[in-house]
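J.: Given the coordinates of chain A, assemble chain B onto it according to the supplied hints.
As given, the protein sequences belong to chains A and B, one line each in that order.
According to this note's numbering, the first sequence holds residues 107 to 168 in order.
According to this note's numbering, the second sequence holds residues 74 to 381 in order.
Fair warning: there could be bad hints in the mix.
[Claimed, not checked] Calculated cross-link-like contacts (lysine to any residue; reagent style SDA-like; alpha-carbon spacing at most 25 Å):
| # | chain 1 | residue 1 | chain 2 | residue 2 |
| --- | --- | --- | --- | --- |
| 1 | A | Lys144 | B | Ala195 |
| 2 | A | Lys144 | B | Gly183 |
| 3 | A | Lys144 | B | Ser114 |
| 4 | B | Lys327 | B | Leu291 |
| 5 | A | Lys144 | B | Leu180 |
| 6 | B | Lys327 | B | Leu315 |
| 7 | B | Lys93 | A | Val128 |
| 8 | A | Lys144 | B | Leu125 |
| 9 | B | Lys153 | A | Arg118 |
| 10 | B | Lys93 | A | Ala127 |
| 11 | A | Lys144 | B | Ala120 |
| 12 | B | Lys93 | A | Phe133 |
| 13 | A | Lys144 | B | Lys327 |
| 14 | A | Lys144 | B | His189 |
| 15 | B | Lys93 | A | Asn123 |
| 16 | B | Lys93 | A | Arg117 |
| 17 | B | Lys210 | B | Phe199 |
| 18 | B | Lys210 | B | Val118 |
| 19 | B | Lys93 | A | Ile134 |
| 20 | A | Lys144 | B | Gly176 |
| 21 | B | Lys327 | A | Ile134 |
| 22 | B | Lys93 | A | Leu136 |
| 23 | B | Lys346 | B | Asp270 |
| 24 | B | Lys93 | A | Arg118 |
| 25 | B | Lys93 | A | Gln122 |
| 26 | B | Lys93 | A | Val124 |
| 27 | A | Lys144 | B | Ala272 |
| 28 | B | Lys93 | B | Ile145 |
| 29 | A | Lys144 | B | Phe121 |
| 30 | A | Lys144 | B | Pro117 |
| 31 | A | Lys144 | B | Ser238 |
| 32 | B | Lys93 | A | Ser121 |
| 33 | A | Lys144 | B | Pro275 |
| 34 | A | Lys144 | B | Val101 |
| 35 | B | Lys210 | A | Arg118 |
| 36 | A | Lys144 | B | Pro112 |
| 37 | B | Lys153 | A | Ser121 |
| 38 | B | Lys153 | A | Gln122 |
| 39 | B | Lys93 | A | Lys144 |
Think of the hints as simulated: they come from the structure by calculation, not from any bench.
What follows is the residue order along each chain.
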Amino acid sequence: MSFRVETDMHRRRRSQNVGVAVCLVLFIGLVAVLSLVKITNTGPVEGYDHAPRSSVTEEASQ
Amino acid sequence: MADHNAECDPVFGDYVALLKPRVMSLVVFTAFVGLMAAPVSLHPVEAFCAILFIAIGGGASGSLNMWWDADIDAIMRRTKSRPIPSGRTSSDAALGLGVALSGLSVLMLGLAANWHAAAWLAFTIFFYAVIYTIWLKRVTPQNIVIGGAAGAFPPLIGWVSATGSVSIEAVLMFALIFIWTPPHFWALALFMRSDYDDADVPMLTVTHGRPATRRHILAYAVLQAVLAIGLAFTSIGGVIYLTVALICNTIVLKDAVSIWRRDELASEADNFKVERAFFRFSLLYLFVHFLAILAEAVLTPYGLGGWS
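One chain only, chain A, in its complex shape (with noise of 0.2 Å):
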């Protein structure tokens, strides 16, 4: 059941929260799709850690 007669003002407010929100949700959309790009297109990323390096083993096998 609706408590309130929709005014002008709820109309104008809703069409503010929707296209934030339609905004908002395609910008995420767009940050993870380019991350996943940037990532892919980097090559294989190696660290200092403690799992074996791939260049340094290789080059040792030599």
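T.: Showing chain B alone in chain A's frame:
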């Protein structure tokens, strides 16, 4: 102004209108051409993001322009239905939106493309909003020349987004829009008399007179022809572009010469027919030149574009 602003309740479209969507579409097109013409190709997603955030940066500077210019926009017929003078949004909203989107667009362009391009975008927003709108627009009759520089940056930013550096081709694309802008607006000022006078914006027609404006149009048209045809002989030019440039510049020079030769009596007699024709054609002129650059870039892989 503040009292009625507190009351207004904008719809989403009013915020979109603050970004000057028609100017943004021009920014999207020229930035896209700049990016496509560059010898380095970006991943499509990166290219899309670069264009999008260049456009949002342009929109942000449009919003800052509407925030500062609300007083004169309310006077001029052409601009008085903009969101702030018509009371649909507050000027604080325009300022907030402009500042927020400026920061966002620069940051995101840096992340999507490179920080060199982001720096150019930041400079463009600063140049348009502060140097042009706040400082020089109301001070000097060369305002159109300076404002034109701001509008000329998008293809350069597109190019830098792809290559990471500025080159002669990027500078020439910038120069073409830069030189194109003043005669385009001076022709408009010749047949749309009263608007700028009423708002106290110094236009060349008012400060230096209409015959001087006619001379300026001719001088810029000559310079524009030299630049446009010169661009044909760089790495982004080619046979298609050269043909387009030769045809378009012949038409523009012919019109510019007759604008220069006419006096006010002759112009009023046919209701500024030549001036209106010049204004209308100059829009097509810029569009066709960039379309030709795009055509060269797209056709080169098939052996049809460029000089090779």
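J.: All the hints need checking, so say for each whether the structure fits it.
T.: Going down the list of hints, with the structure as the test:
1. With a CA separation close to 23 Å, the supplied pair Lys144 (chain A) and Ala195 (chain B) stays within the 25 Å bound.
2. Proximity of Lys144 (chain A) to Gly183 (chain B) is assessed by CA-CA distance (about 13 Å); at most 25 Å being required, the pair is judged to hold.
3. A threshold of 25 Å between alpha carbons decides the hint, and for Lys144 (chain A) with Ser114 (chain B) the separation of about 14 Å falls inside it, so the pair holds.
4. For the given pair, Lys327 (chain B) sits about 10 Å from Leu291 (chain B) by alpha-carbon distance, which is consistent with the 25 Å threshold.
5. Under the criterion of a C-alpha separation no larger than 25 Å, the hint pairing Lys144 (chain A) with Leu180 (chain B) is consistent with the structure, at around 16 Å.
6. Between Lys327 (chain B) and Leu315 (chain B) the alpha-carbon distance is near 18 Å, which keeps this suggested pair within the 25 Å criterion.
7. Simply put, Lys93 (chain B) and Val128 (chain A) have alpha-carbon atoms about 20 Å apart, close enough for the 25 Å limit, and the pair holds.
8. As the CA atoms of Lys144 (chain A) and Leu125 (chain B) are separated by approximately 17 Å, the hinted pair is consistent with the 25 Å bound.
9. Our distance criterion of 25 Å between C-alpha atoms is met by Lys153 (chain B) and Arg118 (chain A), whose separation comes to about 22 Å.
10. The suggested pairing of Lys93 (chain B) with Ala127 (chain A) holds, with an alpha-carbon distance near 21 Å, which does not exceed 25 Å.
11. Between Lys144 (chain A) and Ala120 (chain B) the alpha-carbon distance is near 12 Å, which keeps this suggested pair within the 25 Å criterion.
12. Our distance criterion of 25 Å between C-alpha atoms is met by Lys93 (chain B) and Phe133 (chain A), whose separation comes to about 20 Å.
13. Among the hinted pairs, Lys144 (chain A) with Lys327 (chain B) is inconsistent with the structure: their alpha-carbon atoms are about 50 Å apart, more than 25 Å.
14. Only pairs whose Cα atoms come within 25 Å are accepted, and Lys144 (chain A) paired with His189 (chain B) is accepted, the gap being roughly 18 Å.
15. With a C-alpha separation of about 21 Å, the suggested pairing of Lys93 (chain B) with Asn123 (chain A) holds against the 25 Å cut-off.
16. Proximity of Lys93 (chain B) to Arg117 (chain A) is assessed by CA-CA distance (about 24 Å); at most 25 Å being required, the pair is judged to hold.
17. With a C-alpha separation of about 14 Å, the suggested pairing of Lys210 (chain B) with Phe199 (chain B) holds against the 25 Å cut-off.
18. The hinted pair formed by Lys210 (chain B) and Val118 (chain B) fails the criterion: a straight-line CA distance of about 37 Å is larger than 25 Å.
19. For the proposed pair Lys93 (chain B) and Ile134 (chain A), the alpha carbon gap of about 24 Å is at most 25 Å, so the pair holds.
20. For the hint linking Lys144 (chain A) to Gly176 (chain B), the alpha-carbon distance of about 21 Å falls within 25 Å, and the restraint holds.
21. About 52 Å separates the Cα atoms of Lys327 (chain B) and Ile134 (chain A), which puts this hinted pair outside 25 Å; it is violated.
22. Between Lys93 (chain B) and Leu136 (chain A) the alpha-carbon distance is near 23 Å, which keeps this suggested pair within the 25 Å criterion.
23. For the hint pairing Lys346 (chain B) with Asp270 (chain B), the CA-to-CA distance comes to about 22 Å; that is within 25 Å, so the pair holds.
24. For a cut-off of 25 Å, the pair hint linking Lys93 (chain B) to Arg118 (chain A) stands: about 21 Å separates their Cα positions.
25. For the hint linking Lys93 (chain B) to Gln122 (chain A), the alpha-carbon distance of about 18 Å falls within 25 Å, and the restraint holds.
26. As the CA atoms of Lys93 (chain B) and Val124 (chain A) are separated by approximately 21 Å, the hinted pair is consistent with the 25 Å bound.
27. This hinted pair does not check out: Lys144 (chain A) and Ala272 (chain B) have alpha carbons roughly 49 Å apart, beyond 25 Å.
28. Note on Lys93 (chain B) and Ile145 (chain B): the hinted pairing holds, with a Cα-Cα distance of about 16 Å set against a maximum of 25 Å.
29. Among the hinted pairs, Lys144 (chain A) with Phe121 (chain B) is consistent with the structure: their alpha-carbon atoms are about 13 Å apart, no more than 25 Å.
30. Taken as a hint, the Lys144 (chain A) and Pro117 (chain B) pair is honoured in the structure, with Cα atoms around 11 Å apart against an allowance of 25 Å.
31. Between Lys144 (chain A) and Ser238 (chain B) the CA atoms are separated by roughly 20 Å; this keeps the pair inside 25 Å, and the hint holds.
32. At roughly 19 Å between alpha-carbon atoms, Lys93 (chain B) and Ser121 (chain A) fall within 25 Å of each other, so this suggested pair holds.
33. Of the supplied pair hints, the one linking Lys144 (chain A) and Pro275 (chain B) is violated, its CA atoms being roughly 48 Å apart against a limit of 25 Å.
34. Distance hint between Lys144 (chain A) and Val101 (chain B) is fulfilled; the C-alpha atoms sit about 23 Å from each other, no more than 25 Å.
35. The suggested pairing of Lys210 (chain B) with Arg118 (chain A) is violated, with an alpha-carbon distance near 35 Å, which exceeds 25 Å.
36. For the hint pairing Lys144 (chain A) with Pro112 (chain B), the CA-to-CA distance comes to about 20 Å; that is within 25 Å, so the pair holds.
37. Between the alpha carbons of Lys153 (chain B) and Ser121 (chain A) the distance comes to roughly 24 Å, so the proposed pair stays at or under 25 Å and holds.
38. Taking the CA atoms of Lys153 (chain B) and Gln122 (chain A), the gap is about 23 Å. The hint holds against a cut of 25 Å.
39. Between the alpha carbons of Lys93 (chain B) and Lys144 (chain A) the distance comes to roughly 31 Å, so the proposed pair goes past 25 Å and is violated.
Checked against the numbered hints given earlier, this structure breaks hints 13, 18, 21, 27, 33, 35, 39; the rest are met.
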